[in-house]
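2 protein chains.
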Amino acid sequence: MKLTILGCNSGVPRENSQTTSQIIEIGNSLFLIDCGEGTQNQIRKQKIKFSRIKQVFISHLHGDHFFGLIGLISSFRLLGRTSNLDIYGPKGIKEIITLQLKYSQSWTNYQITFHELSSLESELIYENDFIRVFTIPLKHRIYTNGFLFKEKKGLRKINIDMVNKYNISTSDFENLKKGKDLILDDENIINNELITLPPSKPMSYAFCSDTSYHEDLVDIITGVDVLYHESTFLNIHQELAKLTKHSTASDAAKIAKKSKIKNLILGHFSARYRDKKDFLNEARVHFENVELAEDGKIFIF
Amino acid sequence: MKLTILGCNSGVPRENSQTTSQIIEIGNSLFLIDCGEGTQNQIRKQKIKFSRIKQVFISHLHGDHFFGLIGLISSFRLLGRTSNLDIYGPKGIKEIITLQLKYSQSWTNYQITFHELSSLESELIYENDFIRVFTIPLKHRIYTNGFLFKEKKGLRKINIDMVNKYNISTSDFENLKKGKDLILDDENIINNELITLPPSKPMSYAFCSDTSYHEDLVDIITGVDVLYHESTFLNIHQELAKLTKHSTASDAAKIAKKSKIKNLILGHFSARYRDKKDFLNEARVHFENVELAEDGKIFIF
Numbered sequence: 001m002k003l004t005i006l007g008c009n010s011g012v013p014r015e016n017s018q019t020t021s022q023i024i025e026i027g028n029s030l031f032l033i034d035c036g037e038g039t040q041n042q043i044r045k046q047k048i049k050f051s052r053i054k055q056v057f058i059s060h061l062h063g064d065h066f067f068g069l070i071g072l073i074s075s076f077r078l079l080g081r082t083s084n085l086d087i088y089g090p091k092g093i094k095e096i097i098t099l100q101l102k103y104s105q106s107w108t109n110y111q112i113t114f115h116e117l118s119s120l121e122s123e124l125i126y127e128n129d130f131i132r133v134f135t136i137p138l139k140h141r142i143y144t145n146g147f148l149f150k151e152k153k154g155l156r157k158i159n160i161d162m163v164n165k166y167n168i169s170t171s172d173f174e175n176l177k178k179g180k181d182l183i184l185d186d187e188n189i190i191n192n193e194l195i196t197l198p199p200s201k202p203m204s205y206a207f208c209s210d211t212s213y214h215e216d217l218v219d220i221i222t223g224v225d226v227l228y229h230e231s232t233f234l235n236i237h238q239e240l241a242k243l244t245k246h247s248t249a250s251d252a253a254k255i256a257k258k259s260k261i262k263n264l265i266l267g268h269f270s271a272r273y274r275d276k277k278d279f280l281n282e283a284r285v286h287f288e289n290v291e292l293a294e295d296g297k298i299f300i301f
Numbered sequence: 001m002k003l004t005i006l007g008c009n010s011g012v013p014r015e016n017s018q019t020t021s022q023i024i025e026i027g028n029s030l031f032l033i034d035c036g037e038g039t040q041n042q043i044r045k046q047k048i049k050f051s052r053i054k055q056v057f058i059s060h061l062h063g064d065h066f067f068g069l070i071g072l073i074s075s076f077r078l079l080g081r082t083s084n085l086d087i088y089g090p091k092g093i094k095e096i097i098t099l100q101l102k103y104s105q106s107w108t109n110y111q112i113t114f115h116e117l118s119s120l121e122s123e124l125i126y127e128n129d130f131i132r133v134f135t136i137p138l139k140h141r142i143y144t145n146g147f148l149f150k151e152k153k154g155l156r157k158i159n160i161d162m163v164n165k166y167n168i169s170t171s172d173f174e175n176l177k178k179g180k181d182l183i184l185d186d187e188n189i190i191n192n193e194l195i196t197l198p199p200s201k202p203m204s205y206a207f208c209s210d211t212s213y214h215e216d217l218v219d220i221i222t223g224v225d226v227l228y229h230e231s232t233f234l235n236i237h238q239e240l241a242k243l244t245k246h247s248t249a250s251d252a253a254k255i256a257k258k259s260k261i262k263n264l265i266l267g268h269f270s271a272r273y274r275d276k277k278d279f280l281n282e283a284r285v286h287f288e289n290v291e292l293a294e295d296g297k298i299f300i301f
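So the sequence lines, in the order shown, correspond to chains A and B.
Counting from 1, one number per residue, gives the positions in the first sequence under this note's numbering.
Counting from 1, one number per residue, gives the positions in the second sequence under this note's numbering.
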């Protein structure tokens, strides 16, 4: 998996730090999560082709998470997109987008399908051959979901050494990868495990922003490889975090620890803090493997 | 007057060229015209204080002219604005903005007054002690207005040399500036023109984007000091200009010539052209005083 942070500032975009948006790339698929104002420029900066974006997941309808969506949709149209776009987001997103398309008389010449979310329980919302995407209900001032990307168990791998030994034909590869035994010409059976290697371990990524400290997350994200958790505030503004239903760096790290995840990425920083290292220091009291999000930063896992 | 170009690209924002937005500063007042995506970042780059923006004029509801407005409004709120904001724009703008504020449950703690425009005739829409703003009905695919900023005739200026000669008190200055004669203690009357100088010539600025070639403009903008006129295309794409109801550089220059304006600024360039000098060359065939808009460029007049 490859995670590209396009923006991780909370509230107000600044010259060199944009509001929330990121791209998670899994196999050949690429998913856009949230779309703050200016996201299309951030995507260009990363030299990511617009046409590769086919699914967009919007966590909630605060502006710093979706004000860039209408611009992206319009640019897709102006640049001649023809392939479908699927948008997953809270109820209301369809009305907001279509109202603007109506007044501008700029209907897209590609199909947009809105998948409006309203469930308070985690649900499977997207699936392809390689991954499943589940919602992670969060606790914020308005209806908000995080998103859990789980790779499916992959296929077994052919052990090249055995291909020569047993003179295996490439036409058998597909069945072998699926775990079937090999039947030789003399009708002898070779056990699958002798000629294949186990599949790579499926990876998982959880995006949780925005949310207050919310232990209900733990059940859903237990054991994920990477968790992006918002930490708008530091401990000195703990009361403000509670009031605005955001998290501190400590909150995020406590959730990471309880969920036994492997790596934590902090983001959605309030612009009031000059030195982002304080977020690291506060989080590391509770959880060791922490990194900070930053515009343009890429995480490979 | 001071004109700051924040963006002058048409359609799609690019990394170093944003969509339409500009600020015209007249006396102590500052007016935002159009507000493409990312305008708030452009305002920051120019080190212009957000609190100085009190009136916003939106030409039409194509995204490259207003997608940044909701973000600007939200940032005003997050940064603690309390003063009123007046928005002048086509019918529909109120519905678009309030729908997004409703879903985000982020009502502003300052008052926004929407002045929705629907007239097909030029009308006076704003006035203060120093200027008047009129609409300029344009001819585009959807309802669109340009805006004409006309300084009022200024006050006469006190001739400092005469202040000493006649021992004029500062308490008389206001009446003298308004053109009244001076009555001396011995009841002699000194003619105003002897002790004051004529006011500066009132300046005028016309913003016309987006529009096809439209001679009806001429009557409204005749004699203005500066005209910003869109020139999305060059002559080689004349047919495309007609089809999309945009102008070529020649169209803009012809309007400038017929209107006997003093200076023409071209903008709203299609991203298809690498070398913007071709716009200058085409326009200068018809009108000499032409300049090209460019992000961050400032025109003083």
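Warning: the hint list may mix true and false statements.
Unchecked claim - Listed next, the in silico SDA-like pairs over lysine to any residue satisfying Cα-Cα at most 20 Å (straight line):
#1 49(A) with 15(B)
#2 102(A) with 118(A)
#3 94(B) with 101(A)
#4 91(B) with 185(A)
#5 102(B) with 276(A)
#6 102(B) with 80(A)
#7 245(B) with 16(A)
#8 49(A) with 271(B)
#9 139(A) with 17(B)
#10 94(B) with 95(A)
#11 102(B) with 223(A)
#12 245(B) with 112(A)
#13 245(B) with 98(A)
#14 47(B) with 49(A)
#15 150(B) with 301(B)
#16 49(B) with 78(A)
#17 91(A) with 97(B)
#18 91(A) with 95(B)
#19 245(A) with 49(B)
#20 91(B) with 99(A)
#21 245(A) with 107(B)
#22 245(A) with 105(B)
#23 102(A) with 90(B)
#24 242(B) with 78(A)
#25 45(A) with 14(B)
#26 245(B) with 85(A)
#27 49(A) with 77(B)
#28 102(A) with 139(B)
#29 49(A) with 14(B)
#30 242(A) with 118(B)
#31 102(A) with 101(B)
#32 94(A) with 245(B)
#33 242(B) with 105(A)
#34 102(A) with 118(B)
#35 54(A) with 115(A)
#36 49(B) with 110(A)
#37 49(A) with 95(A)
#38 245(B) with 77(A)
#39 102(B) with 95(A)
If you are wondering where the hints come from, they were derived from the structure by calculation, not from laboratory data.
(request) With a cut-off of 20 Å on the C-alpha distance, tell me whether residue 102(A) and residue 90(B) pass. (result) OK: residue 102(A) and residue 90(B) at ~13 Å, within 20 Å.
(message) So if I understand the rule, the pair passes when the alpha-carbon distance is 20 Å or less; does residue 245(B) with residue 98(A) pass?
(response) Answer violated: residue 245(B) to residue 98(A) is near 23 Å, above 20 Å.
(request) For the pair we were handed, residue 91(A) and residue 97(B), check the Cα-Cα distance against 20 Å. (result) With a Cα-Cα distance of about 17 Å, the restraint between residue 91(A) and residue 97(B) holds, given a limit of 20 Å.
(message) Please verify whether residue 102(A) and residue 139(B) have alpha carbons no more than 20 Å apart.
(response) Holds, at roughly 19 Å.
(request) For the pair supplied as a hint, residue 102(B) and residue 276(A), confirm whether the alpha-carbon distance does not exceed 20 Å. (result) violated, 33 Å
(request) Mind checking the alpha carbons of residue 49(B) and residue 110(A) for me, to see if they're no more than 20 Å apart? (result) With a Cα-Cα distance of about 40 Å, the restraint between residue 49(B) and residue 110(A) is violated, given a limit of 20 Å.
(message) Please verify whether residue 245(A) and residue 105(B) have alpha carbons no more than 20 Å apart.
(response) Since the Cα atoms of residue 245(A) and residue 105(B) sit roughly 14 Å apart, the hinted pair holds (cutoff 20 Å).
(request) Assess, step by step, whether the Cα of residue 102(B) is no farther than 20 Å from the Cα of residue 223(A), and give holds or violated. (result) violated, 37 Å
(message) Check whether the Cα positions of residue 242(B) and residue 105(A) lie no farther apart than 20 Å.
(response) holds, 18 Å
(message) So if I understand the rule, the pair passes when the alpha-carbon distance is 20 Å or less; does residue 49(A) with residue 14(B) pass?
(response) Since the Cα atoms of residue 49(A) and residue 14(B) sit roughly 14 Å apart, the hinted pair holds (cutoff 20 Å).
(message) Between the alpha carbons of residue 49(B) and residue 78(A), is the straight-line distance 20 Å or under?
(response) Given pair residue 49(B), residue 78(A) is violated - Cα atoms ~33 Å apart, limit 20 Å.
(request) Compare the distance between the alpha carbons of residue 102(A) and residue 101(B) with 20 Å, and conclude whether the hinted pair is satisfied. (result) holds, 18 Å
Hints 2, 4, 5, 6, 7, 9, 11, 12, 13, 14, 16, 19, 26, 27, 30, 32, 36, 37 from the list above are not met by this structure, while the remaining hints are.
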